[in-house]
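Participant: The chain contents come next:
Protein chains: 2
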Amino acid sequence: MSSTHEEFDPTASSLAGQVAPEVMAELLAVRSSIDNFDAALVHLLAERFKATQRVGVLKARHQLPAGDPDREAAQIERLKALAEEAQLDPAFAEKFLNFIISEVIRNHRAISQTQNPAASELNDQS
Amino acid sequence: MSSTHEEFDPTASSLAGQVAPEVMAELLAVRSSIDNFDAALVHLLAERFKATQRVGVLKARHQLPAGDPDREAAQIERLKALAEEAQLDPAFAEKFLNFIISEVIRNHRAISQTQNPAASELNDQS
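Protein sequence lines, in the order shown, are assigned to chains A and X.
For the first sequence, full-length UniProt numbering begins at 1 and goes up steadily by one.
For the second sequence, full-length UniProt numbering begins at 1 and goes up steadily by one.
A hint or two may mislead.
Unchecked claim - Computed cross-link-like contacts, DSS-like style, restricted to lysine-lysine with a CA-CA straight-line distance of at most 30 Å:
no., chain 1, residue 1, chain 2, residue 2
1, X, Lys50, A, Lys80
2, X, Lys95, A, Lys50
3, X, Lys80, A, Lys95
4, X, Lys95, A, Lys95
5, X, Lys80, A, Lys80
6, X, Lys80, X, Lys95
7, A, Lys50, A, Lys80
8, A, Lys50, A, Lys95
9, X, Lys50, A, Lys95
10, A, Lys80, X, Lys95
11, X, Lys80, A, Lys50
12, X, Lys50, A, Lys50
Read the hints as simulated data drawn from the structure, not as lab findings.
Please read these numbers as outputs of a predicted model, since none were measured by experiment.
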């Protein structure tokens, strides 16, 4: 096993010793699910960034702009609708996608800058 | 089928008509995977917020503070290590968790305010 699993303490809490044991047990049970969701989220995000990395290389090769406003608008509307169906706050889903997209655009610009140092300024219209 | 799937146009793009068809085909193929990852991310986030909602109710009932610095520090170290293993930028994983945690703390405060209007100011030490 990696050092991650040896070092992480799932019971770490600033509340230790300050709450009744049964309350702490209930808290830790929910936190254990949160930790599983977080591991899944990190692995999904890693795959999502591998995909956008491929988009970044493709865009740089063909000197296409880092952002794509029509695509982003369609993504946001879709994710808000999916969030509503899943009982997630649609406003949060929109903030989340904007947070991801700004990281992606930053990465696209970096790839383009590496591959086309002279042209990247011209093509960065987003 | 819901209206989400009827209305979303996976080919929406500000680049339409401006790039060679084979480049657009390659772009759309990767975007189709990104759309699948995004649907999975939204559903996982919905479950994660259901779990933190349970934590929020528990904390409000026992008048515990919204934030838990030792827990958050442990989560961040774990997620950075998991990100590294999954080839995701650990700095991004940290930004992502901080983004989620600030939303969670905002929600915890709102729950506490509803359940203990007088006490919530005192207990909000994070």
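Participant: Hint by hint, note whether the structure agrees.
Facilitator: Now for the hints, and whether the structure bears them out:
1. Lys50(X) with Lys80(A): OK: Lys50(X) and Lys80(A) at ~17 Å, within 30 Å.
2. Lys95(X) with Lys50(A): Status holds; Cα separation ~18 Å.
3. Lys80(X) with Lys95(A): 22 Å, holds
4. Lys95(X) with Lys95(A): Status holds; Cα separation ~14 Å.
5. Lys80(X) with Lys80(A): 28 Å, holds
6. Lys80(X) with Lys95(X): 10 Å, holds
7. Lys50(A) with Lys80(A): 23 Å, holds
8. Lys50(A) with Lys95(A): 21 Å, holds
9. Lys50(X) with Lys95(A): 18 Å, holds
10. Lys80(A) with Lys95(X): 22 Å, holds
11. Lys80(X) with Lys50(A): 17 Å, holds
12. Lys50(X) with Lys50(A): 28 Å, holds
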